[in-house]
Amino acid sequence: MRRLHRVIAAVLIGLAGLVGMAPAQADELPTFTLTFKPDGTFEPARLEVPAGRFKIELINESNEPVEFESIPLRKEKVLGPGVKSFVVITISRPGEYPFFDDFHQNVKGTLVVKPKE
Amino acid sequence: MEQVLFIVWRESVEALLVVGILYTWLRSTPEGARGLKYLWGGVAAGLALAVALALVLLGVSSWLSDEGQEWFQAIMSLAACALVVQMVVWMKKHGRTLKGELESGARSSVASDNWWGLFVLVAIAVAREGSETVVFLYGTVSAGEGGGDMAKLALAGLAGFAVALLTFWLLQLGGKLITWRRFFRVTEILLLLLAGSLLVGGLDHLISLDVLPTIIDPVWDSSWLLSDSTGVGKILADFAGYRALPALISVLLWVAYWIVVWALLRWVGNKAARAPLAARSAS
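Residue numbers (my numbering), protein chains in the order written: chain A, 1 to 117; chain B, 1 to 283.
Pulled out of the complex, with its shape left as it was, chain A reads as follows (with noise of 0.2 Å):
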């Protein structure tokens, strides 16, 4: 139990730490939507993106919750239905990265990062 408390402390910490750096990032990025589908797919499945730093929109638009998740992008996001959320990505190298809704495993999706101009 007292490993629970712990525990529980440590996340309060975390949390008292969020408050005050909340926004400053995350304007002016280039910005990318990418959408789940009601039949379990994305829109759109390849998704281009220069290299840096840069915002990917994530709209739920059908009636389960899905899961954004990638393991090389470092990301997993859940979103209700209906939900409307973001990813805020930042990848320097150029290459194909899958990435997949973790509720519906089968559909794939692949982010193209591009080398900057």
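What the hints contain is simulated information worked out from the structure, not anything from laboratory work. Ideal placement from N, C-alpha and C gives every residue a C-beta, glycine not left out. Among the hints, a few may not be true.
[What the hints assert, rightly or not] Think about it this way: if two alpha-carbon atoms lie no more than 30 Å apart in a straight line, the pair counts; the simulated DSSO-like pairs of lysine-lysine are:
id, chain 1, residue 1, chain 2, residue 2
1, A, Lys55, B, Lys234
2, A, Lys37, B, Lys234
3, B, Lys234, A, Lys84
4, A, Lys114, A, Lys37
5, B, Lys93, A, Lys108
6, B, Lys152, A, Lys84
7, B, Lys234, B, Lys93
[Stated by the list, open to error] Quick list of simulated restraints, FRET-style, between CB atoms:
id, chain 1, residue 1, chain 2, residue 2, range
8, B, Leu225, A, Pro38, 48 to 54 Å
9, A, Asn106, B, Leu158, 23 to 29 Å
10, B, Val268, A, Glu117, 54 to 60 Å
11, B, Leu264, A, Asn106, 37 to 43 Å
12, B, Ile124, A, Asp39, 47 to 53 Å
13, B, Gly20, A, Arg53, 18 to 24 Å
14, A, Arg93, B, Val268, 40 to 46 Å
15, A, Arg93, B, Glu103, 55 to 61 Å
16, A, Gly95, B, Phe239, 21 to 27 Å
17, A, Asp39, B, Leu165, 35 to 41 Å
18, B, Trp40, A, Gly40, 17 to 23 Å
19, B, Ile189, A, Pro38, 41 to 47 Å
Here the structure of chain A is known, so what remains is to put chain B in place on it, guided by the hints.
Below, chain B without anything else, positioned relative to chain A:
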């Protein structure tokens, strides 16, 4: 989901170890049989306590921002990693003497007819494992608010518990074939690998939050050899923290983790091996 199954299985087996040893012992003596209802009462109280902790933890997600959730996931992953290591170390220290200690503890409870001691012992054992399960599940599933997700999670959890009961039964049956010690040896390694993957997962969140420098990102690209997103690579990613495109900081901290764990276990192992000798020479 395999991760959920494994965790629930493992935590249940641990709680069952405590409950099972006490149960076997209580059943073996007539006066002990009276304590059985305290035993099951302790199990129920422990479960209720674990669920209460779960509700507190789940409530946290609904009022967190995006960045807050990222922090929360990072902290939960790292906390879970620390819990696993702590648990493995604890087992290394006590695994050898656990049965004897439990029995002598229960015997003194019987002697003073203090069944509430037994009740509390079991409740703590179950709540400890239960709350650990909750922390893990939370780290794994994070802000899952939808029905499909919860159903899948519950199913994996139930499956894990069913397999745990089966494992416990098998272990009771074939004590010679798989000893508890060997069982712990194997699961110890699995758990440490899992803790390593929780560490890497937590670090990924910290990198996303820009609080941890990547140093070199990525250090290498092994995705042509083994992708971390499908098949075996995905399993390795979930269970051992494999990354096809790791940041240098993750690699360094992962190596540091294994060095620390190795040193810690060696130290505890030596101490545990020496303790019985010291006790014998003292008497």
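Hint-by-hint comparison with the structure:
no.: 1; hint: A:Lys55 - B:Lys234; result: holds, 25 Å
no.: 2; hint: A:Lys37 - B:Lys234; result: holds, 25 Å
no.: 3; hint: B:Lys234 - A:Lys84; result: holds, 27 Å
no.: 4; hint: A:Lys114 - A:Lys37; result: holds, 25 Å
no.: 5; hint: B:Lys93 - A:Lys108; result: violated, 46 Å
no.: 6; hint: B:Lys152 - A:Lys84; result: holds, 23 Å
no.: 7; hint: B:Lys234 - B:Lys93; result: violated, 33 Å
no.: 8; hint: B:Leu225 - A:Pro38: 48 to 54 Å; result: violated, 37 Å
no.: 9; hint: A:Asn106 - B:Leu158: 23 to 29 Å; result: holds, 24 Å
no.: 10; hint: B:Val268 - A:Glu117: 54 to 60 Å; result: holds, 56 Å
no.: 11; hint: B:Leu264 - A:Asn106: 37 to 43 Å; result: holds, 42 Å
no.: 12; hint: B:Ile124 - A:Asp39: 47 to 53 Å; result: holds, 49 Å
no.: 13; hint: B:Gly20 - A:Arg53: 18 to 24 Å; result: violated, 54 Å
no.: 14; hint: A:Arg93 - B:Val268: 40 to 46 Å; result: holds, 41 Å
no.: 15; hint: A:Arg93 - B:Glu103: 55 to 61 Å; result: holds, 59 Å
no.: 16; hint: A:Gly95 - B:Phe239: 21 to 27 Å; result: holds, 25 Å
no.: 17; hint: A:Asp39 - B:Leu165: 35 to 41 Å; result: holds, 39 Å
no.: 18; hint: B:Trp40 - A:Gly40: 17 to 23 Å; result: violated, 44 Å
no.: 19; hint: B:Ile189 - A:Pro38: 41 to 47 Å; result: holds, 44 Å
Violation of the numbered hints given earlier is confined to hints 5, 7, 8, 13 and 18; the remaining hints are satisfied by the structure.
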